[in-house]
Amino acid sequence: MKRIGKPVFFIVFVIILLLAFTSVFGIYGENGDFKITYIKGINDIRWGIDINGGVEAVFAPDNKDATDDEMESVKAILELRLVAQNVTDYEIYPDFANDRITVRFPWKSDEKDYDPDKAIEELSATAKLSFRSGSSYDGDVIIEGKDVKKAYSNYQQTAKGNYQHVVVLELNDEGADKFAAGTKANKDGTISIWMDEECISNPSVSETITTGTAIISGSFDASSAAKLANTINAGALPFGLKVESYSTISPSLGSSALEAMGYASIAALICIFLFMLFMYKLPGFIAFIALIGQMAISIMAISGYFPVFPSFTMTIPGIAGLILSIGMGVDANIITAERIKDELWTGKTLDGCIRNGTKGSFSAIFDGNITVIIVAVILILVFGPANIFSAIFGVSTTGLIYAFGYTLLVGVIANFIMGVGASRLMLKSVSGYKFLRNKRLYGGKKSS
Amino acid sequence: MRQTFHIDFMKKSKIFFCVSLGIMLVCLVLNIFVFPTLVDIQFTGGTIIKYSYDGDLDTAALEKTVNETIEKSETLNDTVTFSYSENLAKSAQDSNSKIVSLQFTGNKAVSVEDKTAITEALQKAYPDNTIKEASSSSVDASKGTNFFFKCLAAVIVAAVLMIFYVALRFRKIGGLSAGVMAVVALVHDLIIVYFVFAMFRMPLNDNFIAVVLMILGYSLNDTIVIYDRIRELRRKSSPKTPLNDIVNTSLNQCMVRTICTSITTIIAIGSVLVVSLIYNIDSIVSFALPMMIGLISGSYSSLCIAAPLWVMWRNHQSKKKAALKASESKETSKKSKKKKAASEK
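These protein sequence lines map, in sequence, to chains A and H. Using the numbering used here, read the first sequence as starting at 2 and increasing by one per residue. Using the numbering used here, read the second sequence as starting at 354 and increasing by one per residue.
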């Protein structure tokens, strides 16, 4: 067999230790008073609402049928209100097939007595759009949401001849009359646009508009123009929002759960280490090193270690999945170690046994993981925010199990890299050392 | 090949079947008469609000306060079931250690306004108990039904994929009959998982679906490894070796691997279970406990149900074939005798 060099073990071992260390603690730098995150560690993981506490609510329009454009408007107004409430770490999932929008956001860490009921009520309140003269909320109301026919973003030539993104505002007849009067009174002044008590735009009036079609221009890009148009449309929606389902969790319930799961994972790791060492000696020890590597990769996939992958919202079932994947992950090492034992008992040389053992076990390991992959993918699909299943049955009320599917899948993939790849490299490399060539270390009979 | 165990699985198979059927029968009777199946509000719709509080509380008075608030409300006309528990691990932010949970019987979502009214009434009536809303969850009935069908669709898709995989894999191992027996073992495990939920009074919810899918994958994997070994051994041994012996040897050889993998997996999920019991995290207990028992059942059914059942089926088939051949040969001999007689006439 092509021998794998003795130092390979140490190279793999050091790489695993490095991965484990950086994935847990992250790498941070300091630039004056600013903390720079180079690599995200465990502290940067975004915890789900079952750990941090928070609110999840599903909103639906009062009258059942809303068009996709109307749903976009609903989404725009919910986002606006979340930001107005100082919530920036929200997740929002529109479900166009079933006209529902799921909003999920954690508690703000500095707030002690946050009122979830009030937050939900404010989000679902009927949108109050108003155009007011001047740039303050005290100004006279010129037109309201019911006067607006629709708003849309456009890319068009202006009077100066250059092309730019604008928002076109179309009013109904009643609105057109009011707006004509308003623009006349405020010519060369400003008319501000308000959603609830939030100023969303502050355009100046350049002429009296009597046609009922106004153009808001300014430094828009495609997305900001669309956003303003959506928000104005939200104020003109012919329906309110109702809260279809909600769940709130106080932070005190979740924080002890995180601590608990931390203990559980450490306990599981230690017990499995002892068990593997007792059952399989040297391959068992190597299995444990590989297991640390597997954990590190899983944590990396969750925390957003590599900037390409966004960080993942982690829940308690997600952590349970992570711990479960440790337990199932050693299966690869167990199958290989058992095969090597079998081979050793036939009396072959150590190198031959290790070669045959690792070769023969791959198909069994692969087979075993296929079913788990199928299950994990289905779990992700069923409990995930938006996918083929939600097109038929709507977005799930709970996203907690989603993380379980994700960690399970990541665990299996990490297991292929570490439990299969890295442990074989280490095992073959280690068997090059003379003092580690005793067959008993691999579960064989005493070598003579 | 090395063999550590010498258990005659085939001889004991009847005991295994009886144990499995017996457990199921007892659970079924209990399920029907004592512990009816509970279904979570995630599927039925409804509302549960949990309040944490400190010190002693007159539970009868508390229930009265809640009921009075409900009577005042125009939109609410449900009755409420109360349950009390104690959270052993106190957290830094909240010194409240006791929890009262209010479950509304109606399957319409309790509106946020009504919930606020209840919270305020309770806080006003019991200022010394520092009542706080610990968690609430409210699901509209239609949304619950949707979610239920989505889960059902997921289980069906998973089952179809698994059966497809079984058909693909078992073409080489033991053919259709082996595949069918593997599915029987899967059904066995799912029934056990269901009874764990029923017996421990845990409502069927998204955890149930997650556990069911997980056990499907895990148990099938175990069974495939065992059938694989049977196939390998059959190829190596002479065609005259009885199937009983081959399967017995295979099972004993696979046992170490199956048990070791189960042990590490059970260590993992067991530590989750123990810790969540200590910290009183209901949502994880109802995930880890059925998962653990399901894993045990999965390994057990692969070793003691799937393989012996298949052997019994094969033996039954070959006996039938033999009997058929025998009777056929008798028939032909009779006929030929008659023919002989006729020709003689």
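These are computed hints drawn from the structure, not numbers from a lab. Computed from a predicted structure; not experimentally measured. A couple of the hints might just be wrong.
[Claimed, not checked] Cβ-Cβ distance ranges computed for the label pairs, FRET-style:
no.	chain 1	residue 1	chain 2	residue 2	range
1	H	Glu585	A	Arg438	51 to 61 Å
2	H	Ser436	A	Ile93	32 to 42 Å
3	H	Phe435	A	Ala223	49 to 59 Å
4	H	Thr483	A	Ala223	28 to 38 Å
For each residue, glycine too, the CB sits at the ideal point set by N, CA and C.
Comparing the hints with the structure gives:
1. Checking the proposed 51 to 61 Å range against glutamate 585(H) and arginine 438(A) shows it is violated: the Cβ atoms sit about 29 Å from each other.
2. In this structure, serine 436(H) and isoleucine 93(A) meet the distance hint of 32 to 42 Å, their C-beta atoms being roughly 34 Å apart.
3. Judged by the Cβ atoms, the range 49 to 59 Å given for phenylalanine 435(H) and alanine 223(A) holds: they are separated by roughly 55 Å.
4. At roughly 52 Å, the beta carbons of threonine 483(H) and alanine 223(A) sit outside the given window of 28 to 38 Å.
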